[in-house]
Amino acid sequence: MTSSTPDVDRHIAGMNKEQLPVPRHKLHKWPHFAGLYAAEHVAATEFVIGATFVALGAGIWDILIGLLIGNALAVLSFWLITTPIAIETRLSLFTYLHRIAGDSMASLYNWANVIIFSVISAAMITVSATAVRILFDIPPQAQPYPTDPAFIVLALAVAGIVVLVAVYGFNALTEFASICAPWLMVMFTAGGMVLLPELAESVTGATTLGDFSTFIDVAGSTVFTGVNAQGESGIGIWEVIGFAWAANTFSHFGLIDMALLRYAKKKRYGLTTSTGMMFGHYVAWISAGLMGAATAAVTQTSIEVLEPGEVAWHALGASGFVIVVVAGWTTANSNLYRAGLAAQAVLPRISRNKATLLVGLCVAVISCFPFVYRSMLPLLTYAGLLLVPVGGIIFAEHHLFPRLGFSRYWARYKGLAHNVPALATWALSLVFGFSLDALDLIPFYYLFVPTWCLSIALYTLLAKRYGAAERYPEAEETERVFQERVQVFHAEQAEEETQEPVKDTSVLSKVIKAIWMVVGLLVPCVLAWRVLFYSPDLASYYLNREWFYDITIWCTLIYFVFAYWGLKRAKASYQTRKAHTALT
88 MTSSTPDVDR HIAGMNKEQL PVPRHKLHKW PHFAGLYAAE HVAATEFVIG ATFVALGAGI
148 WDILIGLLIG NALAVLSFWL ITTPIAIETR LSLFTYLHRI AGDSMASLYN WANVIIFSVI
208 SAAMITVSAT AVRILFDIPP QAQPYPTDPA FIVLALAVAG IVVLVAVYGF NALTEFASIC
268 APWLMVMFTA GGMVLLPELA ESVTGATTLG DFSTFIDVAG STVFTGVNAQ GESGIGIWEV
328 IGFAWAANTF SHFGLIDMAL LRYAKKKRYG LTTSTGMMFG HYVAWISAGL MGAATAAVTQ
388 TSIEVLEPGE VAWHALGASG FVIVVVAGWT TANSNLYRAG LAAQAVLPRI SRNKATLLVG
448 LCVAVISCFP FVYRSMLPLL TYAGLLLVPV GGIIFAEHHL FPRLGFSRYW ARYKGLAHNV
508 PALATWALSL VFGFSLDALD LIPFYYLFVP TWCLSIALYT LLAKRYGAAE RYPEAEETER
568 VFQERVQVFH AEQAEEETQE PVKDTSVLSK VIKAIWMVVG LLVPCVLAWR VLFYSPDLAS
628 YYLNREWFYD ITIWCTLIYF VFAYWGLKRA KASYQTRKAH TALT
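When the letters of the sequence shown are read in order and numbered with the numbering used here, they come out as residues 88 to 671.
Derived by calculation from the structure, the hints in this document are not laboratory data. Just so it is clear, the structure is predicted and the values come from calculations on it, not from any experiment. Check before you lean on any hint, since a few could be wrong.
Said to hold, decoys possible - For lysine to any residue, the following SDA-like pairs were computed, each having C-alpha atoms within a straight-line distance of at most 25 Å:
no. : residue 1 : residue 2
1   : K353      : L541
2   : K354      : E175
3   : K353      : V240
4   : K352      : R499
What the hints assert, rightly or not - Label-pair distances were calculated between CB atoms; the ranges are:
no. : residue 1 : residue 2 : range
5   : Q387      : V648      : 34 to 42 Å
6   : F223      : S194      : 21 to 29 Å
7   : S300      : I202      : 43 to 51 Å
8   : H486      : S308      : 43 to 51 Å
9   : L251      : V568      : 44 to 52 Å
10  : E633      : S320      : 22 to 30 Å
Every residue, glycine too, gets a C-beta built ideally from N, C-alpha and C.
Please put together the full structure from these sequences, using the hints given.
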């Protein structure tokens, strides 16, 4: 029997907003997602991953073509798999999974997220510490474990700052991170441009690159040589494609990014993920490989143990220190915040702040061990393998069940405390995936594909046996009424809230924007261009490079001061207009 409309309305009004679909007036246009993905996927780990491709011995054409194909597949995965489910439900994965699979499955999934995001956050903190240690003259940490007590103290100090910000100041950090994306793009590209003449001179004897074929010769001879750090033949194009596709498996096949894409107005906005994939995971990885190879040659250090801080310092000077610290901190905070939310979901009696603090203590300990960030490539791949079966379960219930005549939300309609088919599917899929890895039947980069397919088939078959093929007319009617009343509730909200932010068009704001764009973005590009194309000999190259180092650090400071100033003015303008609208 369905509940009365007033009862449903009271229930909806009392629900946490995260449990409800995103209302139409809260949706965003495509530039929002283009900036969001550019900011998230241009991070300090790009230094690690770019250098890893060099150490693994990828060839130049394997990199150029393999990364292009692999990242294109990732964009298509976001567009065709994640975005449709996110837009049709307007729910985060956590909420949708709870509706489909119940408490037990949701709790296990949240614990898995606590572990994964804690380790990623710890890796980011360690990356930041590799830059900060240069200021304190702490020796490089070449071993998987810390070899200097001072580095432990430093890592714990950096972790302490990250944890406190995640606990108390995450909103401010999110605002700050939103202005980092354009600068990170420019500086990653500039770093590769600045060090290319140094590499060219070691191959051709000249510091200038005449054409693209010269670039191929230089990069193929000094960076992406096809020979790994042990002097053996390196990975090929299939491995490069596989890793580029698998690097964010937990976000697209695993559906984590439903949380972001549920705010998209149209399904084609899933293509905006290309700003992160094609720049952060294409240009930035290639540029990071160039920077890492050049730094390894100059410092006579194996690229396998070279630290991101050293690479950035050599390529970008003091600005390199800033890029590693900023990118590391912003990424660490966002992942620690996610871990805290997941922990709070399974420990509902404690607040989100306390849950984040508890997780942060574990993250701080992990961050003292350098092996964490050096294992980013397999870490991201295996994290995806762990979460992909859950994405398969959601995909099956959302897309296949209606087409097969099965009931979506069948387990909830039956009142089951545990969704046994979902739990069994996850367990059996993991056994299958890791067994394939142990038997070395296919490269581990591609393990997620057969594992995802198996999870869809398994869940469909098991769910049918447990009652998914049955009809639940009363429960379905209750669900229909609930969705209708949610739409009414959101329509009432939309009338009370300002739907579109007011754009700040004042003269001062325009001047501020012009300053940070010209000084912070255009000037470093011009200086890097000068280093690359106007350095006819080593003497002029070193002079131009020093000019780049000396000027870009001031450009960096100006960029962040004026960009943040502009952001605060825009927010103040919006709040003033919102308050005025409320009064009138």
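When the hints from earlier in the document are held up against this structure, which numbers fail?
-> Failing hints, ascending: 1, 3, 4, 6 and 10.
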